[in-house]
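Protein chains in written order, with this note's numbering: chain A, 88 to 205; chain B, 88 to 205.
Calculated directly from the structure, the hints in this document are not laboratory data. Don't take every hint at face value.
Because identical chains share one entry, a pair is satisfied inside a single copy or across any pair of copies.
DSS-like mimics (lysine-lysine), calculated; alpha carbons at most 27 Å apart, straight line [said to hold, decoys possible]:
#  : residue 1 : residue 2
1  : 152       : 200
2  : 152       : 116
3  : 116       : 200
4  : 152       : 130
5  : 118       : 200
6  : 161       : 200
7  : 161       : 118
8  : 130       : 118
9  : 116       : 130
10 : 161       : 130
Just so we're clear, the structure is a prediction, and the values are computed from it rather than from any experiment.
Spelled out, the chains give:
There are 2 protein chains.
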Amino acid sequence: MDIDTRPTTEQCTGLLNSMGDALYVIGGKWKLRVIVALRGGHKRFNEIQRAIDGISARVLSSELKELELNGFVKRIVHAQTPVIVEYQLTGYADTLSPVLTSLADWGAMHRDKLRRER
Amino acid sequence: MDIDTRPTTEQCTGLLNSMGDALYVIGGKWKLRVIVALRGGHKRFNEIQRAIDGISARVLSSELKELELNGFVKRIVHAQTPVIVEYQLTGYADTLSPVLTSLADWGAMHRDKLRRER
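In isolation and in its complexed conformation, chain A is listed as follows:
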């Protein structure tokens, strides 16, 4: 899909909605950070919280629930005493790689620009 060719109004609305969907699911302050924290493999709640500077348990819990609802994170309960709960990324989370890569590339370029201009 080439976003530079001028789209019709209908195509434009479709593009906008698609981008809106993407931002709705991975936008906000924490979601990408949780996903990146889980890229190294499954982790317990406390391990995730330690990996993300400044996130509260309440916020992390709600972010994990949303990520689970959207199919990015799987909650694994190990039935033992005491019960151990772990979180890991689903295969679906890997589909975000091109988005994360383009965001990281652009962000690095933008940071360089700001540094040069200072």
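Since chain A is already given, all that's left is putting chain B on it; use the hints.
Same frame as chain A, now just chain B:
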């Protein structure tokens, strides 16, 4: 940059910061919509507001100021009576194309997935 190879902690922090920078600049509810609304060429304030469903004049004004500050939007004042003010995208805004394209592609794929699962 391949985001799938496991990065060192330092590289990981760099990646995270880059993605954070990108989301900081284009994240939120309206910024991308304003950028897309301006893709067709320069527009007056009221034209932009009409093109974006549900944005208030106060919010649009503050979004435009931030986009101008970050170098995405240029404010052009035509010295005539009454004064006409127009907004247009800068060349720098075009550097966002790969990000917008990957967001739109992923969002469309995600929407299809949700539709199939319903």
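Enumerate the violated hints, using their earlier numbering and listing them in ascending order. The structure breaks none of the hints.
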